[in-house]
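Please build the complete structure, drawing on both the sequences and the hints.
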Amino acid sequence: MIDVNAFLGSYPWRRVPGTSPDALRAALDRTGISRAWVTHLPGLFWKDPAEGNGWLFDVVAREPRFRAVATIHPGLPHWEEDLTAAAAAGAVAVRADPGLLGLAPAGAEMLALVRAAAAMDLPLLSAVRLEDGRGRHPLDVAPELAPWAVRQWLRADPAVRIVITHADRGFIEEVHHGSTPAEAARIWWDISWVWGPPDDHLAHLLATIGPARFLFGSGQPLRLAETPGARLDLLSLSPADRAAITLENAASLERRRSPSG
Amino acid sequence: MLIDVHAHFFHDRSGRADWRERNRSRLDAGARIGIRCHVASILGSWGHTSPTYFPSPADLTEANAALRGLVAEHGPRIRGYVAVNPNHTGHAVAELEAGVAGGMIGLKLAASRRADDPLLDPLCEAARRLRLPVLHHIWQFRRREWPGQEASDGVELCRLAARHPAVSFILAHIGGGGDWLHTLRAVRHAPNVLLDLSGSGVDGGMLEGALRAVGAERLLWGADVTLCTGWAKLRYLERLLPPADFALVSGGNAVRIFPPGAFA
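If you're matching them up, the sequences are chains Y and S in order. First residue of the first sequence? That's 1 in the working numbering, and the numbers climb one at a time after it. First residue of the second sequence? That's 1001 in the working numbering, and the numbers climb one at a time after it.
It is possible that part of the hints are untrue.
[As the list claims (entries may be wrong)] Partial list, computed: chain Y residues near chain S (C-beta under 10 Å):
#1 PRO17
#2 ALA225
#3 GLY229
#4 ASP233
#5 LEU234
Everything labelled a hint here was simulated from the structure, so no lab data went into it. In this text the structure is predicted, and so the values were computed from the model without any measurement. For each residue, glycine too, the CB sits at the ideal point set by N, CA and C.
Structure (structure tokens):
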């Protein structure tokens, strides 16, 4: 299994256990996850998030089960160099969370990043949220990502590939059904925020949108690593569909980033 | 014995065409998880003919009767809380007594009236007399009023619990939204308040914090409306806790606070 939604490093708003590389590796062992796409969590909140990427690349270079997701701030001068550095370091994707960066979600900076990531064949990852909005710190007022912005990203470049984490059923449906089939085929959703029984949102989405668009993601260690596995175990999935969600869809995104691919 | 202390079902007046499918989905998922008993409530008409958190007496009577019907249909797989609206005190007490006579095992208070309001005292006194625990809907740290409910937080529930020390109070869904860190502080010195772990929230550190705050003896496993997150927390607890403590959280504490024989 590949967890496309994992973090390393401390969280500014509360104490979170298990944020070190060793602890993340132990969580992967505990839950049977073979590898994880990891973001440098503190960097998401820094003025220059790219300053966390160097540490992340060093960790990933030493840990074969981790893949780097480098954070890019397209509002900073020469941000393109950070993108180039991410590609050179073998990042599996780059991310930008406009709410945390203080950027307009579909403004000129974000659309420039969309186009640049597409040109470099790097998937662009973004989170709708990191925490339930009802429990956030009083100073944590960054807006959540909106579905209309993601639709704009998809339309901004016909080659861009997008991974969205922490989206719920309503968000996913609004983007999927608000896009052409060709656009919708360039976006993947992690299942970290899609509920199972009794409302069965995940079963509904898999039936209506299909397993090809979904990825195994947890949000660990901000959220329990056990959650996506429990969610899938409550479905009656064929082995092929389960393999697509837990491994193959993410692996196909990774292969595009391999030196030979 | 795995007991879900915070479950819900729907009925034909819930305003949902898929109410049977949702009930079936809960039971099927429960069977897969290994839930021995869903201790459930129905909050009136779920907003169809009166607001979910301000249900009318008539809707509550219908809902509680529907739940008794589900208990009769499914036997020991389902047990029930009597849901009431404390603003209608006479109706609430009568509904509670009728429910217990019909096999209900707990009292459900949602968000029709603040938890520390004196209007809740007659109901808690009835719960003591009938040996029922009280499950109270909680907004974890209510910093302001929220639409659609007169929500209470842990501090307010603890005030009520202090007035009724012989009653066990279940503070609902620490994973159900709001700041659970506030709740964990609030309940530290309230020995008759137990925490139910249900809710969609699976925040890293939440379960460790709950254990530090109140110990395994005051934790109750539950799922509420997302069984997937409930199962994730259960899996994590199985690794985190010694077997004896896991047995308490997964069902032993529930057996202790509900009426004798409730899960026989």
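Now the hints, each set against the structure:
1. PRO17: holds, 5 Å
2. ALA225: With a minimum Cβ separation of about 8 Å from chain S (threshold 10 Å), the hint on Y/ALA225 holds.
3. GLY229: Holds - the Cβ of Y/GLY229 comes within 10 Å of chain S, reaching about 8 Å at its closest.
4. ASP233: holds, 7 Å
5. LEU234: holds, 5 Å
The structure shown violates none of the earlier numbered hints.
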